[in-house]
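Q: Chain Z is already provided as a structure; the job is to place chains V and C on it using the hints.
Taken in order, these protein sequences are the chains called Z, V and C. Going by the numbering used here, the letters in the first sequence line up with residues 1 to 696, in that order. Going by the numbering used here, the letters in the second sequence line up with residues 1 to 289, in that order. Going by the numbering used here, the letters in the third sequence line up with residues 1 to 237, in that order.
Please keep in mind that the hints were generated in silico from the structure rather than gathered at the bench. Predicted model only: the values in this text are computed from it and were never measured. A hint or two may mislead.
If we take Cβ atoms under 8 Å as the criterion, some of the chain V residues that face chain C in the derived model are [unchecked claim]: (1) Ser125; (2) Gly126; (3) Thr127; (4) Ile149; (5) Leu164; (6) Arg167; (7) Asp172; (8) Asp174; (9) Ser177; (10) Met179; (11) Gly180; (12) Val181; (13) Ser182.
Backbone N, C-alpha and C define an ideal beta-carbon position, used for all residues, glycine too.
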Amino acid sequence: MSTVEKDPTRAGRRRAGPGAADRGTHVRSALRRDVLFAVAALAIAIIVILPGRNGEGTSISTMQLVASMAAMTVAAVGLNLLVGYTKLVSLGQGGFYAIGAYGSAYLALDKGWHPVLAILGALALCGIVGAVTAMASMRLRGPQFSVITLVMAVLVERILNEGNAFGRLAGYPNFAQHGTTVTEPITFLGTTFTPPMIAGEVATVMVPIVVITALVVILSRNIARSPWGASLSAIGESEMLASHLGVHVFRRKVAVFVLASVLGGLGGVMATQAFSHLQPETFDIFLTITIVLAVVFGGSGTVLGPVVGAVAIVWLEQSDILVEASQWQQDTISESWFLSTSGLVGVLFLLTLFLMPRGIVGTAGAVVAARLHRRDAAEADGAGGLDETSEELVEDLTHVVHEKPAPGSLLTLTDMGKRFGGLQAVAGLDLSVDRGQIHAVIGPNGAGKSTLANLVTGVYKPSSGQVTFAGNDLTGQAPHSVSRAGIARTFQTPQLFHDATVRDNVLAGFADTGRTPLWAAALKPPSRYRRDAEMRVESDRLLALVGLEDVPDVRASELPYGKQRALEIARALAGGPELIVLDEPAAGLLATETSGLGDLLMSLRDQGYALVVVEHHMDLVSRIADQVTCMDQGRLLARGTPQEVLSDERVIAAYLGKPLDEHGHAVETDDGTTTTPAGPGSTSPSPSLSNGGDPS
Amino acid sequence: MEAVVIGLVLGGLYALLAQSFVLTFITTRTLNFAVGEFVALGAFAAIAVSSWSWLPTPGKVAVGFLAAAVVGALVYRFLVLPFTTQGEHDVRWLLSTVAVSFVMLNLITNVEGPSPQRSDTARISGTVDILGAGVGKQQLVLAGLAVVISLLLIVVTQRTSVGLMMRAVSQDPDTASLMGVSPRAVGAASYFVAMGLAGLAGVLYAATVGASPVMGETLLVASIAVAIVGGLGSLWGPLLGGALYGVLSQVASYQWGAIWGETAGLLLVIVVLVAKPEGLLGRRMEVKL
Amino acid sequence: MSLVVDNAESGYDRAPILSGVSLRVEPGELVAVVGSNGAGKTTLVKTIVGQLALRAGDLADDDGSFAKLSSHRRAKRGVVMVPEGRKLFPRLTVGENIALGRRAAGKRAGGEDPVDALLDAFPIVRERWGQQANLLSGGEQQMVALTRAVAARPRYLLLDEPSLGLSPLKTLDVFRLIELIRERTGAGILLVEQMADQALAAADRAYVLEHGRIVMEGDAAKLRSSDEVRRAYLGVS
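For reference, chain Z alone in the conformation it holds in the complex:
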């Protein structure tokens, strides 16, 4: 690949001075929050196992309940990464849980591996199966994706049920094959980790179980709130959008699936360690669905949702409530027409979908957020946005030189062509854009303008021709490579993360979204704190630049349309691009907003950005564009300054719908009128729009 890998931190460094103090504050407060969360998580983990500290017989059932909750929590946290963030509904988590549980026991008992190695081996197996499943299902979404994960889980279930090595219905381990029905507790570094089974023995295994669970929750929170997590949400929103943000969608999907699978397996490992015996019927479809329900019920796409959901579901299933509920039905309704545990879980699932689609945590969060931000949202409707771009900031920014404008053109398209089946959408088009230049592309509907934008940004591979950017050949590169090379874009209808805040939308635009490695997202080294703070300061600057500095915590969907567009531009800038492709940025804007947009685009040009603007708004085009390309029927119709192009007879005719023959001459229409003939390439400088070309 010949793309230029740019330093993602450059955008932040540009303004190292004034933000330094802010950054320190941000680092400290982020650190304080994270430490507080970690301490709280570990404290809760320890508190819940305190009842078992003496190994009293009465505490055994409590410890087993805690262990079940912990195992379910870990599996649900993993699944949440898929279902909640990446929006891939996997029905296979139970399968990974089973692989973890059986795999760790089998490797230790039958293969004689050291128990710790056996656990690692089982987790690795989960990861491999997960990777294979992910690659197999890469092109699938929706029901087909769910089915392939379900098939995987069923396959695992059948192997456990019918594979002789696993003792079938006798369970694992069993007397016939192993002479015992329980696995040996692990002894590691001189400590034996006893399961909660025998009165008088302290269930030492509970300590690693709850500590690991707490760690999983802490690390998953780090991941969810990192650029890595943002990339998952981006994929969930739209894979196209994600790749425009520089995310290698294929790799990231495999990575998140492997991570989720390993966590599913880890849940199973915990179950093995806590209960010492496995029965295949506990790893059926019901388990998989219970894990999905835990995520949805608790709140998918939230950090604490799967935790709350897992704890609530396990508690519900093991408490007497469901039994009592079904007894009550038998007493009051019918002896036979009643629902017991699995039916009631189904009803609970349906009720959750109907009444609480965001789950417990999501709904609570929304209520709190509504309270906090009612005022902010009101403000969002009022002042600010594109119509009130801060003059001062624009002024200020014009002094910040983006980059020494190098000589020669930044983007060059040579003889671009794109054919869809029988339709030649773009043909033989040349185009070049310099740094510090605004190049507008106009033309009637269906002229091929959006296709051109998609060719530049890598959405379409050209049928012919070449794309050169900053001296590198970008022809046929995928959108994420194009994005990393320094070309950002906005869309005809703003593609935002509607449920995320304005600031989080901008943060997702930084190159980090595509580049932060998983380990850094999970472990959050000091450099991550500094970079987060830098990004935050930079995002504040970008929000101010587009006039959204007053509403950073409002949800993007609550913004009026014009401000959503402004936000999208801020996000595009966050990636530190050299060229921005804007697809109809003025569509749907009010006149004042359009004028504000013009100011903003011109200030960006003055900073050295190159802009390609696909636009219908001639007003805006004539005001801001240095060069105008008018397309018609996929071909170049006219090019030049706005003055030249907008007064070109053929351009006017194309827009007015006056038919022209292939020589550019007006065709006789049935009412007998003709347009003034104009030769190819001729531009008539004098006639203004109001009198140009009208025969009557």
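A: Just chains V and C, lined up with the frame of chain Z:
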């Protein structure tokens, strides 16, 4: 050879159920994960009326069909349709039909008890010798029915005005409604027919293995697999998928043991999805931007 | 006796596009709506046929308000749209596409079939009768889409950008066909077009839409020669 014949016959049963997945998918882009329970529902409905001596056997079979069909249409209207409103990527219906499956399975189990019940409706005993394999007449009828119903569905969709409406809704529901066709009504009708077919399969299947609440659950995965292998968008798909899946799994289990039978079938699904995500006879969905 | 849009307001999820739009189409009349891209023209027709929800205001035809009816019921009443981009059913034949149009006609069918007149005038559609629709050229597809709409026996026919993506000569054909439809069906036609010049030449009356509001209305010929119109569809103000 015996394995091949039995595999083909077995594939017929899967194909019948796969047809109900294809039918709902074509018109509504949804799958009913509770299909297995509709199989049981049909079987038990027929048992419930088995003592009505005034009702001839076809009438009892029809009761099995109608019971599942009516519940199916209601499930579509109240538990599927509300969860399809958020566009293409909205798969909440997937979760809601899984929940329906739980509720129905549990309810049927509580009402009828978990153990299989004998069902005599539409029972045909005896075996036929085909190429050296002894095949139960009942299974043969099921397989034959799958073929007949598939052909019938194909004729209806290709030749009748109802079929024209279905194809229109399948290709572009918004434009279909501009032609005065209600996509919801077409969706409800296809759920009616699809679940009715599941009920019908239940009545006939129960005559051989008895009716039990979990009788359909075991068929669910195999029939989804068949539908996916053949292609969710094609009514020919289940026939091809059923034959492939049935033969492959039977041959594999004859050769290497029962566990490999199913494993081979499911691996077939994975291979097909990787190589051709739209299924062997499916059509690639046009990408819209 | 007319199609009435009264103070309509609508738009997509988060972005209101139309506000306070009122217009009227008489039977047998050809009314053009012109305006620049993004002015709300497509939103307007989608709202009238029920593909977008009406947020405020009212819609009515000869039988009264139909604002609360679902899309397919409006079609059955005779409010028929030819959507932008034709939207033929790609894998149905030309004949099947037109047969679907007839479904919407229901009780209004009967009498002389205007489809025959169209097929006689443009025999290409008849020649393609058994072909799959997606194999047709853009111009042929537009012919079929218009014929399909006529088969629905429209009382009011809404045409969304019928010239989109067509070559100039094909565009002329389409406009001739529209004229013929008006003659043969007596339907009121609302023509939404970016090719304002031709639309205004064909229309009796016209409305100019800008930023989701009607900014001008009146005689099509007069509007055609006015500077304001040029501003509206060229997006210059």
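Q: Among the hints numbered above, which are violated by the structure, and what are their numbers in rising order?
A: Violated hints (numbers, rising): 1, 2, 3, 4; every other hint is consistent with the structure.
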